[in-house]
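When you get a sec, could you build the whole thing from the sequences and use the hints?
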Amino acid sequence: MGWLSGGTPTQIAPGTDRQAEYIRYESLYRAAVYQGWVNILFQEAGFLDLGSRRRNRRLMKRISAVNSAIAGHDDNGHTGILQGGEQRLCGELMAVPDELDQTHRRCLGYLEFRTKLEKDPEFARRFQPVLDYIDGVAGVDGAAMHRRLVLIHNALIDLIDFLDPRQVWVLGDRVRLPVPDAPEIPERLDLIHPTHRAIAEVEEPAAAHGENEPPPEPQEVTS
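Residue numbering for the sequence shown follows the working numbering, beginning at 368 and increasing consecutively.
FYI, nobody ran anything at the bench for these hints, they're computed from the structure. You may find that some hints are simply not true.
To be verified - Derived Cβ-Cβ restraints for the label pairs, each shown as a range: (1) Gly503 - Glu459: 24 to 32 Å; (2) Glu459 - Arg481: 32 to 40 Å; (3) Gln469 - Pro381: 38 to 46 Å; (4) Asn423 - Glu459: 21 to 29 Å; (5) Leu544 - Met427: 19 to 27 Å; (6) Pro547 - Gly444: 16 to 24 Å; (7) Asp508 - Gln469: 40 to 48 Å; (8) Ala380 - Gln469: 36 to 44 Å; (9) Gly539 - Glu466: 29 to 37 Å; (10) Pro464 - Glu393: 21 to 29 Å; (11) Leu478 - Trp536: 22 to 30 Å; (12) Gln469 - Leu544: 35 to 43 Å; (13) Gly509 - Pro464: 37 to 45 Å; (14) Ser419 - Glu485: 42 to 50 Å.
Keep in mind the model is a prediction, meaning the values are calculated, not measured. Glycine included, each C-beta is placed from N, C-alpha and C at the ideal position.
Here it is in structure tokens:
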């Protein structure tokens, strides 16, 4: 959170390969383990009852807000990291049976996670979009990436505040950051639903005649 808020993050070996590797894989693991615990929550708890329907709805709303921020629903996924189904898939991969109690599941530990990334290409492929985002090679410019991370950060803070309002389990500052203005994203016709795209392609020639000027009347054909 340090660099998001403009502060200086803690670094033991700044500017070294060790520090760069730590930032990449620690960030990736935190993103992955969140998806794992959400998956376990829904698989084992079923319908989670917090004592009232209102609190249940509020919890679901906050989890959904985090998922939406990760997927980039606010800009139709242009700057998103993982789509909803991809998030669920990562969550399933992170949840494994608990050796001490086979009726429950747990998340992969950090060592297990790093080992599977190195030895299981299919496992690693599922998390590659997150690494691409961390490495800045996901095709998203810096300003848009910063805004996406701020949105995810704020959604997570809202979820943590709801689950731990007295700061018993999660310590440290819980500061919601100002959301930067959304960058302009050029409209891409290839992202429009095929039906709507066909309509747009038909209407485009008519628009060329002028905003208020109707297209010419078809000429009568006489035999």
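Hint-by-hint comparison with the structure:
1. At roughly 28 Å, the beta carbons of Gly503 and Glu459 sit within the given window of 24 to 32 Å.
2. For the pair Glu459 and Arg481, the beta carbons lie near 19 Å from each other, so the given range of 32 to 40 Å is not met.
3. A beta carbon spacing of about 44 Å between Gln469 and Pro381 agrees with the range 38 to 46 Å that was offered as a hint.
4. A beta carbon spacing of about 23 Å between Asn423 and Glu459 agrees with the range 21 to 29 Å that was offered as a hint.
5. About 24 Å separates the C-beta atoms of Leu544 and Met427, a value consistent with the hinted range of 19 to 27 Å.
6. In this structure the supplied range 16 to 24 Å holds for Pro547 paired with Gly444, their Cβ-Cβ distance being about 18 Å.
7. Separation of Asp508 from Gln469 is about 47 Å and conforms to the stated range, judged on CB atoms against 40 to 48 Å.
8. Roughly 40 Å separates the CB atoms of Ala380 and Gln469, a value that falls within the hinted 36 to 44 Å.
9. Roughly 31 Å separates the CB atoms of Gly539 and Glu466, a value that falls within the hinted 29 to 37 Å.
10. Hint check: Pro464 to Glu393, Cβ distance near 25 Å, so the stated range 21 to 29 Å holds.
11. A C-beta distance of roughly 23 Å is found between Leu478 and Trp536, which places it inside the suggested range of 22 to 30 Å.
12. Checking the proposed 35 to 43 Å range against Gln469 and Leu544 shows it holds: the Cβ atoms sit about 42 Å from each other.
13. Our hint of 37 to 45 Å for Gly509 and Pro464 holds, since their Cβ atoms are close to 41 Å apart.
14. At about 46 Å, the beta-carbon gap between Ser419 and Glu485 stays in the expected band of 42 to 50 Å.
Hint 2 from the list above is the single one not met by this structure.
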